[in-house]
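Enquirer: On the provided structure of chain A, position chain B as indicated by the hints.
Residue-level listing of the chains:
There are 2 protein chains.
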Amino acid sequence: MNTHEKYMMRCIELASLGAGKVSPNPLVGCVILKKGKVISEGYHKKYGAYHAERDAITKAKRKGIDLKGSTLYVNLEPCSHFGKTPPCDELIIESGIKDVIIGMKDPFHLVSGKGIKTLKKAGIKVKAGILEKECRRLNRFFCKHAVTGMPYVTIKTAQTLDGKIANLKYDSKWISSIESRKIVHAMRSRYDAVLVGSNTVKHDDPELTVRLTKGRDPYRIVLDKMLEGTIKRKTYTDRNKKRTILITSKLADKKKSETLRRRGITVLTCGTKGGKINIKEALMKLSALGISSIIVEGGAQTYIEFIKKRLVDEFVIFIAATVMGKGIDAFGEPMDFKEFKVRNYFLSGNDIVVNYRKN
Amino acid sequence: MNTHEKYMMRCIELASLGAGKVSPNPLVGCVILKKGKVISEGYHKKYGAYHAERDAITKAKRKGIDLKGSTLYVNLEPCSHFGKTPPCDELIIESGIKDVIIGMKDPFHLVSGKGIKTLKKAGIKVKAGILEKECRRLNRFFCKHAVTGMPYVTIKTAQTLDGKIANLKYDSKWISSIESRKIVHAMRSRYDAVLVGSNTVKHDDPELTVRLTKGRDPYRIVLDKMLEGTIKRKTYTDRNKKRTILITSKLADKKKSETLRRRGITVLTCGTKGGKINIKEALMKLSALGISSIIVEGGAQTYIEFIKKRLVDEFVIFIAATVMGKGIDAFGEPMDFKEFKVRNYFLSGNDIVVNYRKN
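Chains as they are written, first to last, in the numbering used here: chain A, 1 to 359; chain B, 1 to 359.
Isolated chain A, as found in the complex (with noise of 0.2 Å):
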């Protein structure tokens, strides 16, 4: 690893430490060098809040700190356009900063480079694609959103040896270990929202919420297209319940979805095709809600429908050391798996994690 490659990977590491609060901004991070010294860190700590550049910019400001010369570090280009806060190329600009090293440029193709070039008009020398790979990575909630005007889209299994999900009587609860429910857990708290087929919240009735690790409660999801079964599950009723959405259609009972709106549960109908809620509209309204990563937990219809639409980025598979012999398949149809390659894998207790990703 070289020097470039060192100050990027701490940005990653700064830049993480907004994961789950920032969306749907961009995880950014932001070190400044002076002399081959640090003297400033910074990142984007939630949505609203500072960018990163500005974040370390202004610390470095406070403590009297003169920018002229220094090189300014972060992992996503710096952005040119006013949001919640000023432009930061600007800002850059302004504070004397010599050079910048960039991790990835601004995935949508209308901004990719704006930043760069005026930068590069004010007399910086701009460096960019330091571990880019591991910068898109970092991002690829981010960029899935901004590129594509959908959620990136992870289904997460935890099934047997052969599997299967759940047995027959669909009351077969926790497959998977202790230590892998905390690492769920810990992903829900990453991603803007989990969510779950109606059968799912027929029988499980989950909370989906981040109970076993700290961090915040993600959306909670709910496909139901006829609102059938009980409107007193728990993603209905509890504390939570103005953070769940219920995607529906106009086969719903009337009453009931009126019921949840009065419950404070956002209702988005959509339409169906082939009899099955149209998920990538459903999606699509999703994402125009501000939802750029959703962790799809459960059933096996759909984990079918969301794979079958090809619409899944990424899948983390628990696989626990039993057999079940019958039960509920995960994936009850044949799935051509051939864009997708192992990025990751891991014990956890005695299961084995296993992350599939397309890049």
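Just to be clear, a hint being listed does not mean it is correct.
Copies of the same chain look alike in the list, so a pair counts if it works inside one copy or between any two.
[Said to hold, decoys possible] With a Cα cut of at most 20 Å, we get these calculated DMTMM-like pairs of lysine to aspartate or glutamate: (1) K173 to D205; (2) K169 to D336; (3) K338 to E179; (4) K214 to E179.
These aren't lab readings, by the way, just hints derived from the structure by calculation.
Expert: Below, chain B alone, put in the same frame as chain A:
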């Protein structure tokens, strides 16, 4: 790692060179040190050849080295009995070696500690139990066989993420990657035998030899109660057929089994229990033939029989990144995996390989 562990690790390394060649003897390596310097190394090269201690001592003597006052490392307690070669403990005593450092005691309770006792009586300082766990792991085939009189059994499956080993038509060859198949061939070269059921012979007509890597072919064992199918399969006809062992029952087609015998195939007739061949009896007969380790390579019914009878010591499961949907389950019945822990796991191509063992 301290000095003792360092040289014991070297013994294990040397011992491993005999893998697949010494069975049913143990894998043994030996290092001799004098004044802190390695003066000789040896290992058990093949069944009937010198034991590791004799190999190392003989080499040293040939070089004219006086072994007086030297230290001998060996991963298994030196033998105290006449087998194919005279006992090693006496040879060690004669040679003037002062210290003997041992990985593990002989696992066979009637012999265990005898070698150590003789050495101590002769005034040699003995220390045992260095890297004992690693030494037991290395010789797990030998330990099982010596202690129980039964072969060590490993189930190997190549399955999809949803636990399928074949499609319903049985024409889905090569579920796992070429890298994984190479690993399986390397495994075959280190186990005494590969076992399959009659369905696998019928549908796959496998060779069960070592082709994708260097190494000797294992014995091939076919479980076939009735011998209903054709005997034109590779296991019964190719140039390796004399290394095929058929396990069958009294219900088998007499003519066919006689033909197979005439071709040089070993035919073992076992009793039946609940409509199935008595596998325990079969394993005991195989053990008596000197077979101390078996890979069970399928199919599903054979896996289930071994699992139900609790005859499995280890699982090596290759999980490919594909989903079959409908197909033949590796283990079509519930299975208690509690005693099995993940002991190793790695990536092989785009497959995840998981190794479950009891110890």
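Enquirer: Check the structure against each numbered hint from earlier and tell me which ones fail, lowest number first.
Expert: As far as the earlier hints go, not one is violated by this structure.
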